[in-house]
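S.K.: Here is what each chain is made of, one letter per residue.
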Amino acid sequence: MDFSSLITAMPGLLSGMMLTLKLLVLAIIGGVALGTLLALARLSNNKLLSTLAGFYVNYFRSIPLLLVITWFYFVVPFIIGWLTGTNEPIGAFYSCLVAFMMFEAAYYCEIVRAGIQSISKGQVNAAYALGMSYSQTMRLVILPQAFRKMTPLLLQQSIILFQDTSLVYAVGLMDFLNSARSGGDIVGELHQFLLFAGLVYFIISFGASTLVKRLQKRLTV
Amino acid sequence: MISIKNVSKWYGDFKVLTDCTTEVQKGEVVVVCGPSGSGKSTLIKCVNGLEPFQSGDIIVDGISVGSPKTDLPKLRSRVGMVFQHFELFPHLSITDNLALAQIKVLGRKEDEAKKKGLALLDRVGLSAHAAKFPGQLSGGQQQRVAIARALAMDPIAMLFDEPTSALDPEMINEVLDVMVQLAHEGMTMMCVTHEMGFARKVANRVIFMDQGAIVEDANKDDFFGSPRSERAQTFLSKILQH
Ligand SMILES: Nc1ncnc2c1ncn2[C@@H]1O[C@H](COP(=O)(O)OP(=O)(O)OP(=O)(O)O)[C@@H](O)[C@H]1O
Ligand SMILES: [Mg+2]
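From first to last, the protein sequence lines stand for chains A and B. Under full-length UniProt numbering, the residue at position 49 of the first sequence is numbered 49, and the numbers go up by one with no gaps. Under full-length UniProt numbering, the residue at position 222 of the second sequence is numbered 222, and the numbers go up by one with no gaps.
In isolation and in its complexed conformation, chain B is listed as follows (with noise of 0.2 angstroms):
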């Protein structure tokens, strides 16, 4: 579904992401991981193209997104993000948060995006916060609405950029329960995240990333039973003690 090919990636001078090469099948979870500053950002945005590279090449569904002659948006309309910040837009309502992307782009008709908005607002638990503003809302709430958002393009696959760390740790698990649903109905899924209890519960691998570059690419049980490299394990260790 997802095919990482050789990506190489410099801002002027500094190499971000090196010969990065992985692969995510359909229905498969893959959870990256590794220290601030590692690329990990950086990686899955190249995946639907909101930043470009430089060499490689990345194809998603068939379709290469270094390629110049990539219809990008629509591309990207076909695979789900939710971001750190959640970024709803906080001019609109939750409701018309939901809809304004299936209406503009995907040419739905008014009623129809809003029944679907609404409908999947009620499966993350907050339909009763249609008509709110996303300020209203708190952090926990605002990100389900994000993935609720990203849900209603009926996108192909989902990536995630660390979608609970900018979350008050009592709102983290209502998060990662809609994520572990969406995981266990087969959705294809690529998520930067440090929460391990989520990677063990449903991730089919674990990425370890480590200035730039993909140090571990193993099943779940191989990483979380004996990683292979030093870097991998101290992180480990680190962030597993709290």
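For reference, chain A alone in the conformation it holds in the complex (with noise of 0.2 angstroms):
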């Protein structure tokens, strides 16, 4: 096989994967943080606000996150413009960091709820005895301890998300994937560079895969 042509892409390629891990990257930080708030609904007390996340995550579990990508595209243009009253269009870019977001919430909510039940009632305790509030209390005390036994599955999943972002090609987005896949169709050779793309997707999540493990032993020990 030949793969000069492979070299002659690689500027494309670089900025296809550049997209890919700037979407990976914002989308786990906006998903975890999303997901954290939906966690805590989810356990509060108070049942509407329980009941609201509840059917958020069992709705956004139930359905393809290919669905959601193209939804987003059609219809967070048009609220965000309707709300603006602007009409520029927000991009591909934009309509699916906010649907990867929101999906992935729904899943990062469930293993944050785990991470939370699995702090004992006692430690919640103590803090309110100390005097600290509600917030405090989650924030300095229960979601570090909390994060602390999750990371290992929250990094799971963001490799989960790192092989979904290519399904971004459904709205047209250049990503890895996709410049890949363009790159390899320009000059005719899309065996090579399906192949290429294929292997870095398998040496990034595998590797992190392993790191990943490395690190759960780590703190289980």
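Source of the hints: derived by calculation from the structure; they are not laboratory data. Keep in mind the model is a prediction, meaning the values are calculated, not measured.
In silico negatives: residues of chain A with every beta carbon more than 10 angstroms from chain B: (1) Leu48; (2) Thr51; (3) Leu154; (4) Asp164; (5) Phe196.
Straight-line distance between alpha carbons at most 35 angstroms, and here's what the computed DSBU-like set of lysine-lysine pairs gives: (6) Lys74(B) <-> Lys149(A); (7) Lys5(B) <-> Lys121(A); (8) Lys74(B) <-> Lys47(A); (9) Lys132(B) <-> Lys149(A); (10) Lys104(B) <-> Lys217(A); (11) Lys69(B) <-> Lys116(B); (12) Lys149(A) <-> Lys116(B); (13) Lys132(B) <-> Lys121(A); (14) Lys47(A) <-> Lys104(B); (15) Lys26(B) <-> Lys121(A); (16) Lys115(B) <-> Lys149(A); (17) Lys238(B) <-> Lys121(A); (18) Lys121(A) <-> Lys220(B); (19) Lys213(A) <-> Lys132(B); (20) Lys132(B) <-> Lys217(A); (21) Lys47(A) <-> Lys5(B); (22) Lys47(A) <-> Lys69(B); (23) Lys121(A) <-> Lys114(B); (24) Lys109(B) <-> Lys121(A); (25) Lys109(B) <-> Lys149(A); (26) Lys149(A) <-> Lys114(B); (27) Lys149(A) <-> Lys104(B); (28) Lys121(A) <-> Lys201(B); (29) Lys121(A) <-> Lys69(B); (30) Lys121(A) <-> Lys74(B); (31) Lys121(A) <-> Lys15(B); (32) Lys47(A) <-> Lys15(B); (33) Lys116(B) <-> Lys121(A); (34) Lys121(A) <-> Lys115(B); (35) Lys104(B) <-> Lys121(A).
Cβ coordinates follow ideal geometry from the N, Cα and C atoms, glycine included.
Could you use the hints to bring the two separately framed chains together as a complex?
M.R.: In structure tokens, the structure reads:
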């Protein structure tokens, strides 16, 4: 096989990878933040709040990610335009980012919720007994411990998200996979390009997964 | 200082506390004992509002715990509590365990809070362990840190919920010694404990609970001299045997 065209296409592939990683990192940050709020809502004593959060989580876990992405591509620009009164298109990147954040938040929520529940009630009581408020108790005592325990699971979920970012091809975003596909198309060497893309996804995902397992071992010792 | 008036509490249909009434005067040490499941922990957690109750009221230093208008976090910051399982914060060093609430709740400056924490750590004989984490200390040491952590808030009273029952026998005394010293300094204390040696040494009164009710509430000498109820007598003879 001839890989010389791969080298010529490298700048395009690289910028595709940059887009994938940018989308991934922002989606993780937003997804974990939103997921944490959802987890707190699900665990709250407020029936309405916990029911709404429960509904959100179950809803997003019951529909395909691809649907969410296309849905947001058409609906989010419309809503934002309607709210701000402008007609600026917000573009595929941001609509995808919102879609990933909201979809992944449902999964992160369940991880965070389990993490919070794994911390004993006695820790909450101890923080309250010292006069801390609910938000201080969560921020300073419960969440730091919960996140420590959950880090491997959150990372594992993020590796799945890394692979799922490739679904953005549906709205024409040039992520890594889409760049490889179109790069290969242009020079008529689709096989090589797709093989190469597969290799890159494998190396990154498998490598990260191995690191996570090692981390998990260290945390449980 | 602490006045418990006709407090009743239910978990659904199950009545955990039945019309409990008692009082802890300023500087008094009151020991609460009774069989497992009799509601001792529940009662003591009602005192600082960690557990809500449905009827009656508890007044701490003139403030009603049951009133919805009460600023519970503020009230709790003035009442120290020590738990059976220590409940130090495992992700924080001993120094930070002692300083955290002083800074975040009382608004003390960081160096002031650390200094105060270290002074109290010294008082419980653990100043060498300031930089360690809770997991590196023995149970008895952790419990002494937990007492120091509560004292760092300058509490007007201290609540203890079986502070020695999760400890190996050889560590019980190091914790009791700290509590005895505290009692001698005039701290107002409400202690759930089965350490009758401690009760004999420093308690003013002993309360005996059974099935959610206060069955005996007597001066120490009366209690150990001749507990009136049969249940208290049976209970005492059981725990004094070993
Ligand atoms: N969250 C809860 N829901 C329902 N029942 C509860 C709950 N917490 C405690 N109970 C019940 O209330 C009763 C009193 O519990 P409590 O912990 O106050 O007893 P205790 O006297 O402290 O016992 P121990 O000596 O075992 O600590 C027990 O029968 C217990 O099963
Ligand atoms: Mg108890």
